[in-house]
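Novice: What follows is the residue order along each chain.
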Amino acid sequence: MNGKDSKLDDLIASLPKELIPENDLWDKIDKRLDAPISHMTKRSSHNLWRNAAIACLLLITAFIGQKFFNPLLPLPEVDSALINTLSEIKAQHEIQIAQLQQTSKLVNWQSSPYSSPVETGIDQLREAAKQIYESLKRNPTDKQLWQLWLWAQHREIELLRQGQKLPVSQNSQGATI
Amino acid sequence: MNAQIEFIANQEVSELELIDKAKQGDKAAFKQIYLRHHKRVYGLCFRLSGQAYLAEEATQETFVRLWQKLPQFRGESQFTTWLHSMTVNQTLSSIKKHKSFWARFTPMSEHTEASGDKLEYENFDKLLLKLPERARIVFILFSIEGYKHDEIAGLLGIASGTSKAQYHRARKLLQEML
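Sequences listed follow chains V and Y, in order.
Under my numbering, the first residue of the first sequence is numbered 101, with each subsequent residue one higher.
Under my numbering, the first residue of the second sequence is numbered 863, with each subsequent residue one higher.
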């Protein structure tokens, strides 16, 4: 192995340091020397990213802070218009409900053995709609809340109408006239 | 002997003059610098990368980078040392950019033959190409370019011990090939 070791050392020592490239490279290099040089060093690039990160962090903190510590800020103009619409829809819905209840009184809607679960359902829907309405007042631009609220109102009316069509128990001893 | 010293001194002075001119944007002076150093730069690039096309690309990149960085050269170190350090960094960067993960563990001779490279290099260079890439780079930097294991470790992002192990592995493989 010693012979090979010294042979290897000889080869390393005699290895020419220069090699000639197959192609002339100067023309390609020359063309690229005219290209504008970016003066931004690695360090200044890092500084730029750091400053941008700090600015983003400050903006996010300010935004969260505003939301967290000052939630009762006056709502913008668009929001007040939406809240007015919200109130109008609520008023119309209440009128519609009142008319339906009035109709049931006029036709002497009698109690049905199936009416209890329907009434419970209506009560639950009303409670849910009330909560959604309160949420909507705080956040009137939330489309999903709007859809949910309108659906709850629609469903309440549907249930009321279905309740009126339920079969009435025939009480033979009753005092129906 | 005196004539030799005078010749070397003249070479040094003219190189510094060329560098100063190139710093001012003199392309003719820069071309002279290129002509003086490109074979050495290419040799280093070729041995490190193991492929002619990669070596040519790395050589071009090195000189373009040299043109851009030349104003930063203050003459505190030898110009050649500065240039070679730049060459090594540029070649390692080119290798990283071009090679697939798995190709780093296979000998380069197959890739060279596959690329149709018909250059006739010294026999020893052919043996070097048969080494696995990491072992070859460490061997070239340590044995041929005179880098220390700590410096190689810093350049390649490996431990100094790993550099030593790769060097001994390369040496053993070369001895077996001889």
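Treat the hints with care, since some could be wrong.
Below, a list of computed lysine-lysine pairs in the DSS-like style, where the Cα atoms sit at most 25 Å apart [stated by the list, open to error]:
| hint | chain 1 | residue 1 | chain 2 | residue 2 |
| --- | --- | --- | --- | --- |
| 1 | Y | Lys1026 | V | Lys128 |
| 2 | V | Lys128 | Y | Lys1034 |
| 3 | Y | Lys992 | V | Lys107 |
| 4 | Y | Lys901 | Y | Lys992 |
| 5 | Y | Lys889 | V | Lys131 |
| 6 | Y | Lys901 | Y | Lys931 |
| 7 | Y | Lys992 | V | Lys117 |
| 8 | V | Lys117 | Y | Lys1034 |
| 9 | Y | Lys889 | V | Lys104 |
| 10 | V | Lys131 | Y | Lys931 |
| 11 | Y | Lys1010 | V | Lys131 |
| 12 | Y | Lys992 | V | Lys131 |
| 13 | V | Lys128 | Y | Lys883 |
| 14 | Y | Lys1010 | V | Lys107 |
| 15 | Y | Lys889 | V | Lys128 |
| 16 | Y | Lys901 | V | Lys117 |
| 17 | Y | Lys893 | V | Lys117 |
| 18 | Y | Lys1010 | Y | Lys1034 |
| 19 | Y | Lys992 | V | Lys128 |
| 20 | Y | Lys958 | V | Lys117 |
| 21 | Y | Lys1026 | V | Lys104 |
| 22 | V | Lys107 | Y | Lys931 |
| 23 | V | Lys117 | Y | Lys988 |
| 24 | Y | Lys885 | V | Lys107 |
| 25 | Y | Lys959 | V | Lys104 |
| 26 | Y | Lys1010 | V | Lys117 |
| 27 | Y | Lys885 | V | Lys104 |
| 28 | V | Lys107 | Y | Lys959 |
| 29 | Y | Lys1010 | V | Lys128 |
| 30 | V | Lys107 | Y | Lys883 |
| 31 | V | Lys104 | Y | Lys988 |
| 32 | Y | Lys959 | V | Lys131 |
| 33 | Y | Lys1010 | Y | Lys1026 |
| 34 | Y | Lys988 | V | Lys131 |
| 35 | V | Lys107 | Y | Lys958 |
In short, the hints are calculated from the structure, not lab data.
Computed from a predicted model, the values in this text were never measured in an experiment.
Novice: All hints are to be evaluated individually against the structure, with a verdict given for each.
Specialist: So, going through the hints one by one against the coordinates:
A C-alpha spacing of about 38 Å is found between Lys1026 of chain Y and Lys128 of chain V, which places the hinted pair above 25 Å, so the restraint is violated. With a CA separation close to 40 Å, the supplied pair Lys128 of chain V and Lys1034 of chain Y exceeds the 25 Å bound. About 18 Å separates the Cα atoms of Lys992 of chain Y and Lys107 of chain V, which keeps this hinted pair within 25 Å; it holds. Taking the CA atoms of Lys901 of chain Y and Lys992 of chain Y, the gap is near 22 Å; set against the 25 Å cutoff, the hint holds.
Among the hinted pairs, Lys889 of chain Y with Lys131 of chain V is consistent with the structure: their alpha-carbon atoms are about 11 Å apart, no more than 25 Å. Taking the CA atoms of Lys901 of chain Y and Lys931 of chain Y, the gap is about 20 Å. The hint holds against a cut of 25 Å. Only pairs whose Cα atoms come within 25 Å are accepted, and Lys992 of chain Y paired with Lys117 of chain V is accepted, the gap being roughly 19 Å. A hinted pair counts as satisfied when its Cα atoms are at most 25 Å apart, and Lys117 of chain V with Lys1034 of chain Y qualifies at roughly 22 Å.
Proposed proximity of Lys889 of chain Y and Lys104 of chain V is contradicted: the alpha carbons are some 48 Å apart, above 25 Å. Our distance criterion of 25 Å between C-alpha atoms is met by Lys131 of chain V and Lys931 of chain Y, whose separation comes to about 17 Å. Straight-line distance between C-alpha atoms of Lys1010 of chain Y and Lys131 of chain V comes to about 36 Å, which puts the hinted pair past the 25 Å bound. Pair hint Lys992 of chain Y plus Lys131 of chain V does not hold up; C-alpha atoms about 35 Å apart against a cutoff of 25 Å.
At most 25 Å may separate the alpha-carbon atoms for a hinted pair to count; Lys128 of chain V and Lys883 of chain Y meet this at roughly 21 Å. At most 25 Å may separate the alpha-carbon atoms for a hinted pair to count; Lys1010 of chain Y and Lys107 of chain V meet this at roughly 22 Å. Note on Lys889 of chain Y and Lys128 of chain V: the hinted pairing holds, with a Cα-Cα distance of about 13 Å set against a maximum of 25 Å. A threshold of 25 Å between alpha carbons decides the hint, and for Lys901 of chain Y with Lys117 of chain V the separation of about 8 Å falls inside it, so the pair holds.
A C-alpha spacing of about 20 Å is found between Lys893 of chain Y and Lys117 of chain V, which places the hinted pair at or below 25 Å, so the restraint holds. Straight-line distance between C-alpha atoms of Lys1010 of chain Y and Lys1034 of chain Y comes to about 19 Å, which keeps the hinted pair within the 25 Å bound. For the proposed pair Lys992 of chain Y and Lys128 of chain V, the alpha carbon gap of about 30 Å is over 25 Å, so the pair is violated. Taken as a hint, the Lys958 of chain Y and Lys117 of chain V pair is honoured in the structure, with Cα atoms around 23 Å apart against an allowance of 25 Å.
Distance check on the hinted pair: Lys1026 of chain Y and Lys104 of chain V sit about 20 Å apart at the alpha-carbon level, within 25 Å; holds. About 40 Å separates the Cα atoms of Lys107 of chain V and Lys931 of chain Y, which puts this hinted pair outside 25 Å; it is violated. Restraint check for Lys117 of chain V and Lys988 of chain Y: satisfied, since their Cα atoms lie roughly 15 Å apart, inside the 25 Å limit. At most 25 Å may separate the alpha-carbon atoms for a hinted pair to count; Lys885 of chain Y and Lys107 of chain V exceed this at roughly 44 Å.
Distance check on the hinted pair: Lys959 of chain Y and Lys104 of chain V sit about 36 Å apart at the alpha-carbon level, beyond 25 Å; violated. Proposed proximity of Lys1010 of chain Y and Lys117 of chain V is supported: the alpha carbons are some 18 Å apart, at most 25 Å. Of the supplied pair hints, the one linking Lys885 of chain Y and Lys104 of chain V is violated, its CA atoms being roughly 48 Å apart against a limit of 25 Å. Note on Lys107 of chain V and Lys959 of chain Y: the hinted pairing is violated, with a Cα-Cα distance of about 35 Å set against a maximum of 25 Å.
Of the supplied pair hints, the one linking Lys1010 of chain Y and Lys128 of chain V is violated, its CA atoms being roughly 34 Å apart against a limit of 25 Å. Restraint check: the Cα-Cα separation between Lys107 of chain V and Lys883 of chain Y comes to about 45 Å, which exceeds 25 Å; the hinted pair is violated. For the hint pairing Lys104 of chain V with Lys988 of chain Y, the CA-to-CA distance comes to about 17 Å; that is within 25 Å, so the pair holds. A threshold of 25 Å between alpha carbons decides the hint, and for Lys959 of chain Y with Lys131 of chain V the separation of about 23 Å falls inside it, so the pair holds.
Between Lys1010 of chain Y and Lys1026 of chain Y the alpha-carbon distance is near 10 Å, which keeps this suggested pair within the 25 Å criterion. With a C-alpha separation of about 33 Å, the suggested pair Lys988 of chain Y and Lys131 of chain V falls outside the 25 Å cut-off, and the hint is violated. At most 25 Å may separate the alpha-carbon atoms for a hinted pair to count; Lys107 of chain V and Lys958 of chain Y exceed this at roughly 32 Å.
In summary, the structure is inconsistent with hints 1, 2, 9, 11, 12, 19, 22, 24, 25, 27, 28, 29, 30, 34, 35 from the numbered list given earlier, while agreeing with the others.
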